[in-house]
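Trainee: Residues per chain are reported as follows:
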Amino acid sequence: GAVVSQHPSWVICKSGTSVKIECRSLDFQATTMFWYRQFPKQSLMLMATSNEGSKATYEQGVEKDKFLINHASLTLSTLTVTSAHPEDSSFYICSASGTYGYTFGSGTRLTVV
Amino acid sequence: DAKTTQPPSMDCAEGRAANLPCNHSTISGNEYVYWYRQIHSQGPQYIIHGLKNNETNEMASLIITEDRKSSTLILPHATLRDTAVYYCIVRVRDNYGQNFVFGPGTRLSVLP
Numbered sequence: 002g003a004v005v006s007q008h009p010s011w012v013i014c015k016s017g018t019s020v021k022i023e024c025r026s027l028d029f030q031a032t033t034m035f036w037y038r039q040f041p042k043q044s045l046m047l048m049a050t051s052n053e054g055s056k057a058t059y060e061q062g063v064e065k066d067k068f069l070i071n072h073a074s075l076t077l078s079t080l081t082v083t084s085a086h087p088e089d090s091s092f093y094i095c096s097a098s099g100t101y102g103y104t105f106g107s108g109t110r111l112t113v114v
Numbered sequence: 011d012a013k014t015t016q017p018p019s020m021d022c023a024e025g026r027a028a029n030l031p032c033n034h035s036t037i038s039g040n041e042y043v044y045w046y047r048q049i050h051s052q053g054p055q056y057i058i059h060g061l062k063n064n065e066t067n068e069m070a071s072l073i074i075t076e077d078r079k080s081s082t083l084i085l086p087h088a089t090l091r092d093t094a095v096y097y098c099i100v101r102v103r104d105n106y107g108q109n110f111v112f113g114p115g116t117r118l119s120v121l122p
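Read top to bottom, the protein sequences are chains A and B. The numbering used here puts the first residue of the first sequence at 2, with every later residue one more than the last. The numbering used here puts the first residue of the second sequence at 11, with every later residue one more than the last.
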């Protein structure tokens, strides 16, 4: 079946540094990938939609210069949290859509200290 | 996509059937009912989906009312590992450019 690999599963970084999260579709090509953010005891909220070879579309209130998304190939999308601050601490989840429908990554727990 | 309503939480005894309801009274004729679940600190996991017929797979059964305004996800023999938040989502199938919209879901606690 369709598998989406997300890496790293958790990361701790210092305030002001940048962190890159990778999302790979392992056995299918994903023309579209979605990035979600989830705060404790809340549901998943869409941050941005990433289309291969084009600029990402960001949801209202999500800073595109802070959350850089690159979808350079049909199997890889990356989310870079730039100049991270403690309020960026959250659970980030990617999802890929392709011929097998939708599959979610296992998530990345980001803690900014 | 149509909006769904689910109870915020439910308990179920281990080994018993867990019946999770979902209301989707504004569902359109071409929208499917999807169920996902999210175990703590993991990504959502697909469970099942259907249009109007009842569906069953190795994980669960999906019962959709004839008017399609509500549905029930049934876990026939709940285990402790089924403790999770369950999301009912209605949307057009194969619309791969459209994301899933997650509501608050139902937090199912399976009790020993």
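Be aware that a few hints might be false.
Simulated pairs of lysine to any residue, SDA-like, Cα-Cα distance not exceeding 25 Å [what the hints assert, rightly or not]: (1) A:21 <-> B:55; (2) A:42 <-> B:75; (3) B:13 <-> A:21; (4) A:42 <-> B:67; (5) A:42 <-> A:77.
Examples of chain A residues toward chain B, derived with CB under 8 Å [as the list claims (entries may be wrong)]: (6) 62; (7) 73; (8) 94; (9) 103.
Derived from the structure by calculation, the hints contain no laboratory data. Virtual Cβ for every residue (Gly too), placed ideally from N, Cα, C.
Trainee: Decide, hint by hint, whether the structure agrees.
Mentor: Verification of the hints:
1. A:21 <-> B:55: 24 Å, holds
2. A:42 <-> B:75: Violated, because 30 Å separates the two Cα atoms, which is more than 25 Å.
3. B:13 <-> A:21: 33 Å, violated
4. A:42 <-> B:67: Violated, because 29 Å separates the two Cα atoms, which is more than 25 Å.
5. A:42 <-> A:77: Not satisfied, since the Cα-Cα distance of roughly 29 Å exceeds 25 Å.
6. 62: Cβ of residue 62 of chain A sits 16 Å from chain B, so the hint is violated.
7. 73: 19 Å, violated
8. 94: Because about 5 Å separates residue 94 of chain A from the closest Cβ in chain B, which is inside the 8 Å limit, the hint holds.
9. 103: 6 Å, holds
In summary, the numbered hints that this structure violates are 2, 3, 4, 5, 6 and 7.
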